[in-house]
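So the protein sequences, as listed, match chains A, B and C. For the first sequence, the working numbering assigns the number 1 to the initial residue and increments by one for each residue that follows. For the second sequence, the working numbering assigns the number 92 to the initial residue and increments by one for each residue that follows. For the third sequence, the working numbering assigns the number 184 to the initial residue and increments by one for each residue that follows.
It is possible that part of the hints are untrue.
To be verified - Distance condition first, Cα-Cα at most 30 Å in a straight line; then the derived BS3-like pairs of lysine-lysine:
(1) C:K324 - A:K45
(2) A:K23 - B:K142
(3) B:K116 - C:K324
(4) A:K23 - B:K141
(5) C:K324 - A:K23
(6) B:K141 - C:K324
(7) C:K324 - B:K142
(8) B:K141 - B:K116
(9) B:K142 - B:K116
What the hints assert, rightly or not - Chain A is nowhere near these chain B residues, computed Cβ spacing over 10 Å in every case:
(10) D94
(11) R108
(12) P143
(13) E153
(14) A159
(15) A172
(16) E177
Since the hints were made in silico from the structure, they are not lab data. Backbone N, C-alpha and C fix where the C-beta goes; we use that ideal spot for every residue, glycine too.
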Amino acid sequence: MEGHDFALWEKRVDALMVLCSSKGHFTVDGLRRALEDMGADAFEKHSYYERWIAAVNQNLIEDGVYTLEELATRMDEVAARGATYGEAAHG
Amino acid sequence: MADRVRVRAFMPPGHVRAPAYLRGKTGVIERSLGAFGNPEQLAYGLPADKKPLYRVRFTMAELWGNAAERPDDTLDAEIYAHWLEEVPDHAP
Amino acid sequence: MPHDQHDHDHDHHGTSPSGHPYRHDNDEALTYWQRMEIAVRELLIEKGVTTAAEIAAQIDLMDSRSPANGAAVVARAWTDPAFKQRLLANAGDASREMGFDIGPLHLIAVENTADTHNLIVCTLCSCYPRNLLGLPPDWYKTRAYRSRAVREPRAVLTEFGVDVPQDSTIRVHDSTADMRYIVLPARPAGTENLSVEELAAWVTRDCMIGTALPRAPQVVSTGA
Numbered sequence: 001m002e003g004h005d006f007a008l009w010e011k012r013v014d015a016l017m018v019l020c021s022s023k024g025h026f027t028v029d030g031l032r033r034a035l036e037d038m039g040a041d042a043f044e045k046h047s048y049y050e051r052w053i054a055a056v057n058q059n060l061i062e063d064g065v066y067t068l069e070e071l072a073t074r075m076d077e078v079a080a081r082g083a084t085y086g087e088a089a090h091g
Numbered sequence: 092m093a094d095r096v097r098v099r100a101f102m103p104p105g106h107v108r109a110p111a112y113l114r115g116k117t118g119v120i121e122r123s124l125g126a127f128g129n130p131e132q133l134a135y136g137l138p139a140d141k142k143p144l145y146r147v148r149f150t151m152a153e154l155w156g157n158a159a160e161r162p163d164d165t166l167d168a169e170i171y172a173h174w175l176e177e178v179p180d181h182a183p
Numbered sequence: 184m185p186h187d188q189h190d191h192d193h194d195h196h197g198t199s200p201s202g203h204p205y206r207h208d209n210d211e212a213l214t215y216w217q218r219m220e221i222a223v224r225e226l227l228i229e230k231g232v233t234t235a236a237e238i239a240a241q242i243d244l245m246d247s248r249s250p251a252n253g254a255a256v257v258a259r260a261w262t263d264p265a266f267k268q269r270l271l272a273n274a275g276d277a278s279r280e281m282g283f284d285i286g287p288l289h290l291i292a293v294e295n296t297a298d299t300h301n302l303i304v305c306t307l308c309s310c311y312p313r314n315l316l317g318l319p320p321d322w323y324k325t326r327a328y329r330s331r332a333v334r335e336p337r338a339v340l341t342e343f344g345v346d347v348p349q350d351s352t353i354r355v356h357d358s359t360a361d362m363r364y365i366v367l368p369a370r371p372a373g374t375e376n377l378s379v380e381e382l383a384a385w386v387t388r389d390c391m392i393g394t395a396l397p398r399a400p401q402v403v404s405t406g407a
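Given the sequences, and given the hints that come with them, work out the whole structure.
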């Protein structure tokens with residue numbers, strides 16, 4: 001329950017959320033709407049930053065920053081790089 | 092805006108910042124906060140109208156009835172003017 | 184609910200052969216959501232929305248924010264009545280006056296007194312004065328805290344070890360829209376001779392959420 005240090009990937013999600021909203025790609029309200037639209041079970045099944053990256057992605061797709069095909073292709077490439085976050089993120 | 096206000100009891104689908112547990116409840120304006128972009132438009136990437144925002148104070152008795160731990164404890168929340176309706180002052 | 188902080192033990196889990204600290208989170212199996220984070224971040228950089236350096240700088244900025252910032256604000260308010268008035272009138276501007284880069288944050292300070300105790304919550308999501316205090320504790324984001332703080336604040340406070348007398352009023356603040364809140368705790372008796380720096384050490388993160396009261400700093404053993 002206690003505040004832990006956040007993992008690097010979680011800090012990156014937080015940074016992307018702040019940067020993309022400050023650049024006008026979405027609002028905090030847009031993120032909240034996407035979080036709510038995930039439904040009640042998302043809260044049980046997924047961690048805080050898992051839900052936030054999903055909401056960031058949803059809003060970026062809606063803003064036309066990249067397409068779903070680009071996302072899917074890149075997620076596949078990332079998975080092929082290695083079994084750990086460190087390998088897949090190139091450190 | 093009147094001193095006494097009631098949160099509108101609408102339950103539309105979608106993103107609304109007036110929490111469900113406060114809808115239909117009556118409180119008093121604690122302070123006016125100025126005008127802010129309407130979250131119901133911002134949430135969908137739309138240009139947003141500026142809407143007056145108020146801090147409204149409710150008693151725990153109003154919110155929870157007999158289940159309140161102490162009736163005079165209070166809850167303050169920020170509610171947009173378009174979610175508030177005026178409540179006429181009754182004679183005491 | 185426990186309420187001690189362990190925020191200072193990061194990056195001390197050993198050192199790699201190259202002399203860099205291990206990031207333990209980098210060595211665990213890649214998850215679907217981590218893949219999404221990597222993909223989104225790379226696409227944003229390739230599209231020119233942001234840069235790796237900008238992301239790193241934003242992480243550093245967030246890491247630099249901590250409850251110590253809020254504690255400094257509180258201690259100043261305890262020792263400088265004119266500052267306290269400015270803080271209660273506009274806590275955002277008063278924090279900026281002390282040099283804290285809190286961005287566009289709209290901050291309201293609510294004052295604990297002899298007969299009033301304030302408690303902060305966000306029932307809708309996880310709104311928190313993050314640009315002053317850093318990221319919220321995990322318990323603040325739980326459904327249990329978010330739902331119970333507005334319905335049974337006294338029971339919640341008792342679990343945190345704070346007993347508010349029945350003749351005192353509790354004021355709960357639900358951060359429902361654009362404002363963020365910080366509690367200005369009451370200055371404890373017996374602290375009249377302390378410096379502003381010494382006073383700041385009495386103010387923990389939870390004091391500024393309302394789930395703790397200021398107390399003399401405990402001696403922390405290092406290397407644990």
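Here is what the structure says about each hint:
Distance restraint check for C:K324 and A:K45: the Cα-Cα separation of roughly 15 Å lies within the 30 Å cut-off, and the hinted pair is therefore satisfied. Only pairs whose Cα atoms come within 30 Å are accepted, and A:K23 paired with B:K142 is accepted, the gap being roughly 23 Å. Pair hint B:K116 plus C:K324 holds up; C-alpha atoms about 25 Å apart against a cutoff of 30 Å. Under the criterion of a C-alpha separation no larger than 30 Å, the hint pairing A:K23 with B:K141 is consistent with the structure, at around 20 Å.
Taken as a hint, the C:K324 and A:K23 pair is honoured in the structure, with Cα atoms around 26 Å apart against an allowance of 30 Å. For the given pair, B:K141 sits about 29 Å from C:K324 by alpha-carbon distance, which is consistent with the 30 Å threshold. At roughly 28 Å between alpha-carbon atoms, C:K324 and B:K142 fall within 30 Å of each other, so this suggested pair holds. Straight-line distance between C-alpha atoms of B:K141 and B:K116 comes to about 24 Å, which keeps the hinted pair within the 30 Å bound.
Taking the CA atoms of B:K142 and B:K116, the gap is about 20 Å. The hint holds against a cut of 30 Å. With a least beta-carbon separation of about 29 Å from chain A, B:D94 lies farther than 10 Å from that chain, consistent with its non-interface assignment. At the 10 Å boundary, the C-beta of B:R108 falls inside the reach of chain A, the nearest C-beta of that chain being 8 Å off. With a closest Cβ-Cβ approach of about 17 Å to chain A, B:P143 is found to remain outside the 10 Å limit, as its non-interface label requires.
Look at B:E153: its CB is around 26 Å from the nearest CB on chain A, clear of 10 Å, so calling it non-interface holds up. Against the 10 Å criterion, B:A159 stays outside the reach of chain A, whose nearest CB is about 26 Å from its own CB. Look at B:A172: its CB is around 17 Å from the nearest CB on chain A, clear of 10 Å, so calling it non-interface holds up. Residue-level check passed: B:E177 sits 26 Å from the nearest beta carbon of chain A, beyond 10 Å.
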